[in-house]
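Following the hints, complete the assembly by docking chain B onto the known chain A.
There are 2 protein chains.
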Amino acid sequence: MKRPTLLLCSTLLLSTLLAPLTSATEHTNQTVVGKLQNSALKSDLAYKIAESLTVEVGPRLAGSAENVVAVDWAEAKLKSLGFDKVYREPVTVPVWQRGTASASVISPFPQQLVISALGGSVATPASGLQAKVVRFDNLAALINADAATVQGKIVFIDQKTERHQNGSGYGKSVGGRVNGAVEAARKGAVAVLIRSIGTDHDRMAHTGLMHYQQDVPRIPAAALTNPDANQLDAILSRGQEVTLSLNMSPKELGNTTTYNVIGEFTGSSKPDEIVLLGAHLDSWDEGTGAIDDAAGVAIVTAAAKMVAELPQRPARTIRVVLFAAEEIGLLGGKAYVAQHASDMANHYIAAESDFGAGRIYRADVRVNPAALAAVWQSLSGLTAMNVELGDNNARGGSEVSLLPGVGVPVASLRQDGNDYFDYHHTPNDTLDKIDPEALAQNVAVYAVFAYQMAQSTLPLRPLPKK
Amino acid sequence: MKRPTLLLCSTLLLSTLLAPLTSATEHTNQTVVGKLQNSALKSDLAYKIAESLTVEVGPRLAGSAENVVAVDWAEAKLKSLGFDKVYREPVTVPVWQRGTASASVISPFPQQLVISALGGSVATPASGLQAKVVRFDNLAALINADAATVQGKIVFIDQKTERHQNGSGYGKSVGGRVNGAVEAARKGAVAVLIRSIGTDHDRMAHTGLMHYQQDVPRIPAAALTNPDANQLDAILSRGQEVTLSLNMSPKELGNTTTYNVIGEFTGSSKPDEIVLLGAHLDSWDEGTGAIDDAAGVAIVTAAAKMVAELPQRPARTIRVVLFAAEEIGLLGGKAYVAQHASDMANHYIAAESDFGAGRIYRADVRVNPAALAAVWQSLSGLTAMNVELGDNNARGGSEVSLLPGVGVPVASLRQDGNDYFDYHHTPNDTLDKIDPEALAQNVAVYAVFAYQMAQSTLPLRPLPKK
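Each protein sequence line maps, in turn, to chains A and B.
Each step along the first sequence adds one to the number in the working numbering, with nothing skipped, and position 395 is 395.
Each step along the second sequence adds one to the number in the working numbering, with nothing skipped, and position 73 is 1073.
Misleading hints may appear alongside valid ones.
Examples of chain B residues lying across from chain A (beta carbon under 10 angstroms, computed) [as the list claims (entries may be wrong)]: (1) Thr1054; (2) Glu1056; (3) Pro1059; (4) Pro1110; (5) His1201; (6) Met1204; (7) Thr1225; (8) Asn1230; (9) Gln1231; (10) Ala1234; (11) Ser1237; (12) Thr1426; (13) Asn1428.
These are calculated hints, taken from the structure and not from any lab test.
From the three backbone atoms N, C-alpha and C, an ideal C-beta is built for every residue, glycine too.
Next comes chain A alone, as it looks inside the complex:
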């Protein structure tokens, strides 16, 4: 792996504060780090945790009965691993049930299409709806379209998702999923179908959250699988008008309470200062949520446990937060920030694992620029695990991305996401998609990161301006 020497050098030049690189403490820390890394790479603890969650709980959509089972599972699991404190904090979530979803071509070539309702979608009328299809290359093309071409039709947003290691293809296409229904309804559409936000060629649709807007009619929204989107394209390419039938029965059933589940290993000398490792306990409802996000739950839980098993407990507290409701709008993270508002100054740094189980190839942070070079020095052991030390623009990922806004330094330990969007939000998100060795590498990286941050004497605040 390449290490960004140039970036590191310029950071060194810019820095006004350099930690003493060869202090005795630092030397001791680096010795511990080597042992921690070795034991983590050999451990199957994370795989066992991921297996336990996916097998004994399975799908666990926030607001569902299964999610309650997951909360109980998480508390029991953290207790069984010997966390010093284990507790839950309430999060209010809407209850949405998927029901059934089917689509078919009525004409010119009658056949079934495979779809999945987008999360939060309303139902069609009970008898379904039938309408002609109008296709757009992407959300922008829909926004720019004449309403007369859309009125009364089913809008088909047909943007392919690009495959990239860092997952950047997702950001380019996901707007159609999130905002497609609003933009289509503004122009009088009766429903919206999107090409799945996914990089696979499997006959499984990718669900995911969509939004409505108060002043715009709520129309049903679903994703076609990539092969079905290809099929609809091919049918449309014949030049005839294409009529689809759509039948979806999701239900909204008010609100309920679920919980962020929190486990802590108390710090030895700075117990009130927190290194936060996050992941999310909820999943979508069609897979067993293995890569999204049993892997993250397993990685951060196992990493904390590995650190706690060291002969010497580090200075700061390591807090694992298993967020309640990431998939349906970072609701667990928002509740955490609200409930811990008075406590945020004690959060030394935070990171979240929510991008599958691929190997970590790069670390970015968002810390006091004056401390950056020394932070990289303290994390230099990561390069032995093929982790490139990156930049100071980390967002922190998922719920943890809410924390820089309230002053908390964050890190993004970036996972190889080349295949993440093959499985993301599909029934295919199952345990077999996790490579145990790659998972263990994640644990080792998180463990080293957590240990060094729990021991660090660097001032990570204030954050750089955006």
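This is chain B only, laid out in the frame that chain A set:
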């Protein structure tokens, strides 16, 4: 590619008849073969045919309304390609409708499992059934089991299918699909679930034909996806009793008539002698039947067309038979053999394409051993397309495997099947699984085979004893 020199040498020694290898006719044929091969490799005709069938017809289970559309499509396609004769021959088939199929774990870890009814299965009671699960490694273990361990339970046959280029893993595991219901019911089981006969890790179950037996109760039969079979294994491994709920609503609706669709390019000098190229028009009902068997339909149709476009029509008639109902028990092939009983002596040789769209890597034949060496000589051009010349034990594939029993020589033009059982009989059998270049290589091989066999002066009968 290796050529089996040893086998060829021994065949040469055994042969009593050797064709004149360097005759003027043979020289002309080989020149034609080179041109035919080049034009076939460049042609996208087969891909267009496969695209047309999968898009304009889609799924086409024998006995369904969609299958009637497929028969009309096939007649129209062969006519549009200029076949000299196009006709249909009736085949009686049972009508089976899949209905819905769902399964869930009731205890100890409630969750849905993804299943697909096996073809021909009966329904559960309308309210479903619930029973404990008993697992077996394979069909043999079930057959050897004490009935007391099976009585009243859902049998789970958990054999994995091995991946091999020649597809030989299928034969080892498919017995559980075909005979699992009978063997489980003999011991008092209430239903049977099999691990999908497939090599993938996708959350899609592999359907396929199963059988009942007159003196044994008919119990519902379904396939779990590989990830769901893993999940059930993991749940069972906890050592608790596992209770499943199963609800399936397939229907049997008597018999109907469908059709083998036949197209011929008439031979120039031996019009009554037939080189038969087969494939099957029907598919399972959950995918669009791209690799099974729109690919075969496309390959043999395009190959015949390429030969017919040569400046000189070859001696024998090339007959393309698009069989009506392979998936549900070779019913199209059986009808063909019955209807053409008096005509079988005129079938010079036959081959069928029904193993996807992977490149052909080997040719086997089943011909008069005395002619074998000369047959290989005439087909030696195939080696330029990386096709190994194999043995004299070909079965001919699918329906054509019925023909050696009535004296007809056959060839097996073997396709690379490494990924065939990733998609076979699943919703994932869609057009994107066909590689256009590999498809064109198939066309080129079939075209060369068809041309040389239509021109051959070798006596291919009698067949070797088994």
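Tested hints:
1. Thr1054: holds (8 angstroms)
2. Glu1056: Interface hint status for Glu1056/B: holds (5 angstroms vs cutoff 10 angstroms).
3. Pro1059: holds (6 angstroms)
4. Pro1110: holds (7 angstroms)
5. His1201: holds (5 angstroms)
6. Met1204: holds (6 angstroms)
7. Thr1225: It holds, given that the least Cβ distance between Thr1225/B and chain A is near 9 angstroms, below 10 angstroms.
8. Asn1230: holds (6 angstroms)
9. Gln1231: holds (6 angstroms)
10. Ala1234: holds (4 angstroms)
11. Ser1237: holds (9 angstroms)
12. Thr1426: holds (7 angstroms)
13. Asn1428: Interface hint status for Asn1428/B: holds (5 angstroms vs cutoff 10 angstroms).
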